[in-house]
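**Q** Residues per chain, in single letters:
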Amino acid sequence: MLRVFRSKQKYATVRPKSEQPVRKDVPDNLWLRCESCAAMIYRKELQKTQHVCAQCGHHFRISAFERLQTVVDADSFEALAPLRAQNPLDFPAYEEKLQQARERTGLEDAVLIGTARVDGVRIVIGLIDFAFIGGSMGSVVGEQLVRGFELASSREVPVVIFSGGGGGARMHEGIFSLMQMAKTSQAVGRFRQTGQLFLSVLTHPTMGGIYASFASLGDIILAEPGALIGFAGPRIVAETTRQKLPDDFQTAEFALEHGMLDAIVSRSDMRTTVAKLLSYHV
Amino acid sequence: MNTSFEWEKPLEELETRIRELRSFIQEQGIDFSQELNELERKAERQRKQIYANLTPWQRVMMARHPKRPTMLDYTGLVFDGFMELHGDRAVRDDGAVVGGIALLDGEPVTVIGPQKGRDTKENLARNFGLPHPEGYRKALRLMRQAEKFNRPIISLIDVVGAYPGLAAEERGQGLMIAECIEQMSFLRVPIICVITGEGGSGGALAVGVGDRILMLEHAWYSVISPEMCANILWKDSSRAAEAAELLKLTATDLLRFGIIDDVVTEPLGGAHRDHTGTGRQLKAFIKRHLAQLKRKNTGALVEERLQRFRQIGAFSEHTRQQVAVEEPDTAASEEGAPDDSSGTENDNKHTPDKKVGGGYND
Ligand SMILES: [Zn+2]
Chain A
1 MLRVFRSKQK
11 YATVRPKSEQ
21 PVRKDVPDNL
31 WLRCESCAAM
41 IYRKELQKTQ
51 HVCAQCGHHF
61 RISAFERLQT
71 VVDADSFEAL
81 APLRAQNPLD
91 FPAYEEKLQQ
101 ARERTGLEDA
111 VLIGTARVDG
121 VRIVIGLIDF
131 AFIGGSMGSV
141 VGEQLVRGFE
151 LASSREVPVV
161 IFSGGGGGAR
171 MHEGIFSLMQ
181 MAKTSQAVGR
191 FRQTGQLFLS
201 VLTHPTMGGI
211 YASFASLGDI
221 ILAEPGALIG
231 FAGPRIVAET
241 TRQKLPDDFQ
251 TAEFALEHGM
261 LDAIVSRSDM
271 RTTVAKLLSY
281 HV
Chain B
1 MNTSFEWEKP
11 LEELETRIRE
21 LRSFIQEQGI
31 DFSQELNELE
41 RKAERQRKQI
51 YANLTPWQRV
61 MMARHPKRPT
71 MLDYTGLVFD
81 GFMELHGDRA
91 VRDDGAVVGG
101 IALLDGEPVT
111 VIGPQKGRDT
121 KENLARNFGL
131 PHPEGYRKAL
141 RLMRQAEKFN
151 RPIISLIDVV
161 GAYPGLAAEE
171 RGQGLMIAEC
181 IEQMSFLRVP
191 IICVITGEGG
201 SGGALAVGVG
211 DRILMLEHAW
221 YSVISPEMCA
231 NILWKDSSRA
241 AEAAELLKLT
251 ATDLLRFGII
261 DDVVTEPLGG
271 AHRDHTGTGR
281 QLKAFIKRHL
291 AQLKRKNTGA
301 LVEERLQRFR
311 QIGAFSEHTR
321 QQVAVEEPDT
331 AASEEGAPDD
341 SSGTENDNKH
351 TPDKKVGGGY
361 ND
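As they're listed, the protein sequences go chains A and B. For the first sequence, position 81 matches number 81 in this note's numbering, and the numbering has no gaps at all. For the second sequence, position 311 matches number 311 in this note's numbering, and the numbering has no gaps at all.
Some clues are possibly wrong.
[Claimed, not checked] Restricting the straight-line Cα-Cα distance to at most 25 Å, the calculated cross-link-like pairs of lysine to aspartate or glutamate (DMTMM-like) are:
hint: 1; chain 1: B; residue 1: K121; chain 2: A; residue 2: E96
hint: 2; chain 1: B; residue 1: K67; chain 2: B; residue 2: E179
hint: 3; chain 1: B; residue 1: K48; chain 2: B; residue 2: E38
hint: 4; chain 1: B; residue 1: K235; chain 2: A; residue 2: E96
Just so you know, the hints here were simulated from the structure itself, not pulled from any lab data. It should be emphasised that the depicted structure is a prediction, and the values quoted were computed from it without experimental measurement.
Isolated chain B (complex conformation) (with noise of 0.2 Å):
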């Protein structure tokens, strides 16, 4: 499988000509060095160019690179003696979600998440990394079980959404999703998301309410994929990277509308370049957070996690004398209407401004 990205490929190109010199270097014995030291200076210019002016839809594409760590491969990398936990006690043990307890240097947490398939064959048992509602009645079951033993919950998140199938109608998947949004908004232990790869909607936000979310630099996250929007704007689903544009789904967007706390940094080039370095920086993100969330006692703790989804909202109050406007018939009663206005939008904006620095300030 060709792995490389179209913008890759100036980089790739002059990564081929410092091999090249370097070869050359060592069978002819003369000394290149200065050139070659250019060229690579020259290539960690590009590459950090690169990687700084990724397009949204270029953010899309790195999330879903089949190369890219999965829920498993984070379970190795981030922490140590994971045990698979199945089943959602109902109906059956779902593959398209991964969950258990593992070690967070040393101490116990629940790990949950979508977890995709690299292969035909890995796809076929995971069901593309798309769930049914056992998926989440089992993250669920492990979040109340992460709740009884007072384990912190970490949830990593890269699913497109939940599986659009007749099965997963048949057993309720809106009904799930709902119930999953509202029972982990009031689990009484710290929760972590992290948004890894893709945050495909409903199916993503079922196992993303927490008190901490992150997500990975080249992550997307959006109440609706690209390529559905492009359908519905223009019926045309080829048009997806204008979609991403216009949903505001990169990291940076999210953060900068108070969506999301804190965005982990991927090493150059990508996640899928480097799954020990990802794991190493995404490890020391969950555990400065994590130390965070430790020193607050349980009250406060979900009482902030219901205040902070509470503020999120982009609307201004609008004021009695601007509805009569538009009710010329009518002699509307005033009693009970605000008097604190003057007849205009009263700009009450309940965007959280970018908060400051995450876990960097506190």
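Bound-form chain A, shown alone (with noise of 0.2 Å):
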């Protein structure tokens, strides 16, 4: 059955101390500069934007726990029981790749999930870290994902996933990683039967078999601006038809153009647009 535990504190105290996470968009120095516009941004500042650029409005990439803490209650999410990815095609430096990728996160796999409230509404919520090889979906986020519809499924609350994911699916597990495909849409499609919302937000990047399965299939899709939506990479786009490709080409904002997102929402709006959908559906 589904264990759920109780992680009131702090989500940064989750990090081991030794690790502090080092993001190469963050870098742990005063001032940094943006990558949209160039402007140099006091690292204290970014932080108060919820890491949006005050001069352009670019978004930067944030981690799981950052997410979260813009969009839940405080003190509200109790975190699924985590589980532990195998290795089934013996991937050769598999292991040592999901080591490295926990010690720097501070999460088991590339999936952050639980139960929060929003303005009090409880739901399930699953946040998927790009700092987590890519963000991309092997066994453990496939299942943690199923699990946490089924969870909303037994209590008749909504879903929310935040996605972000470069290759979407996770190479280094082959056939399984390409099954989580198969299993997460499956999830959605039974979830569908309950009534509830799937509420599922795309942020950059949000590709591959992460787009080409449960990402695609919410009741709202919502995405933050310029995030990198599609199927196929853009240089395999560009390698294959050597085609002259918009300047906008699979950003959140071509998608919206082209009828594939309900809307695009700036992260300093997020929480509320997230909050006035749900009071929408109790």
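Using the supplied hints, reconstruct the complex from the two chains, each of which is provided in its own coordinate frame.
**A** Dropping the structure here:
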């Protein structure tokens, strides 16, 4: 059965003390340069703006823990019991890669999932962390998402998932990883029958097997501005087609224009938007 | 086009010697039948040995053989009276996916699957067998039609992947694949999927959810092509043979993992050497599995299909105590923590062991 443990401490403390996460996009010094407009930003300032550039609105990548805090009510999150990945293909160096990712992120695998409240409304929330092997979906991510949907079914609460996986599937788990696409899509299909809302939020980047499964199956699909969203990687598309691709190719704006999204919502409006949508489905 | 493989060379030399000896016997009228028999036995032994010991990469090459039967070939080899039905009713008719109704020994079934071309002209019409979203939408439309008329669905899969292109992305390739996967999972008719050649990632899985997943002996099925895997690992797609080993993508591997139910044996030397024999064999497998599926009531059929995928995954339960080790500075409440374990991993391997015999035993 599903095991839920309480995790009422501050999320940052879940990380091992010795290994504070070092993120390329948020270097450990006072100032950093905006990836988009090149403005120099005071790091403390960036934390106040939820890691959005005040000059150009560029959304920096944030960890699952950080995002969780921007969305749910304080101290309302209870994580599902963690699962540990195996190496079913005996893929070289996979265990080491997992271990490094665990130490770097403080997560057991690429998804942080559990129950929480948003403006008092109980939900199941899942957040994919890009820093954990590119936010890729292996057996653990697939199983945890399915358990999340099953828990939401039994408690009759909505599901909100923030996706953000660059390659989609986790290559190191081979066919097991591919099958998680079927498994999670079916969990969404079963969850539909409960009449509860599944809100899918696509953050930078949501590609491949994650986009081509549960993330695309939300009753409502939102995205953060500028997020890369698509099936095939932009480099592969460029190499295969030798076609001139539009500047906004596979951005959230491109997806919205082509009818693939319900709305683009900036990080600062996300919490109120999620709360509003939840209130329409109570 | 030279369509023989390097590893077939010794066998071909032997076959040439047999032919020469035969014509020599005929011309000279001398009885060399003992020598001939010996040579033929040797060739047979060698053939068996070669094909029983193919490397994963050799199998990938077999799966890509230009003379391997395609979806449209199988509609004639396995079924009768195939009537192709075109279009997705939204965008256009995608030539990279073929579908329609055919008879399996007199019983109407819906047959769908990606279609490759054999030459440049065909490949242009078929977009090299790489479907756009509308191809998947067509497949889904025909599967829904099958459900309405209670026709079993046979999905024949041979695709490197969904097309990576501008129009495909504009029209929602990812969304369409997801929709196919979800909808196929709940269809209330028996579905048999057969990886006949290449099973490339999401583009294959989009039409690959079923009650039975079969694979031809020399087909491959993986989350990523060996070339792309090699490119990611070593920035060198020419090392695809090594990547093919790592990915465990052969029918034997996938049967062992419990991902597929049965391996359809190919005529010795591969499907491309004997289309008729391959078709006959595939038909027998499809008929046997379909007969089993038709005995199930619809509710059980769908439930078992969902359970099958629900069980797939390789992970272990992880205890609270172990997490606590990684959180030296927290005094987390143990309320609600699992109490049935002693601080070590609780091996709940959800990898189904090799399913016994697939269709043979039940
Ligand atoms: Zn900026």
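**Q** Decide, hint by hint, whether the structure agrees.
**A** A quick look at each hint next to the structure:
no.	hint	verdict
1	K121/B with E96/A	violated, 48 Å
2	K67/B with E179/B	violated, 33 Å
3	K48/B with E38/B	holds, 15 Å
4	K235/B with E96/A	holds, 20 Å
Hints 1, 2 from the list above are not met by this structure, while the remaining hints are.
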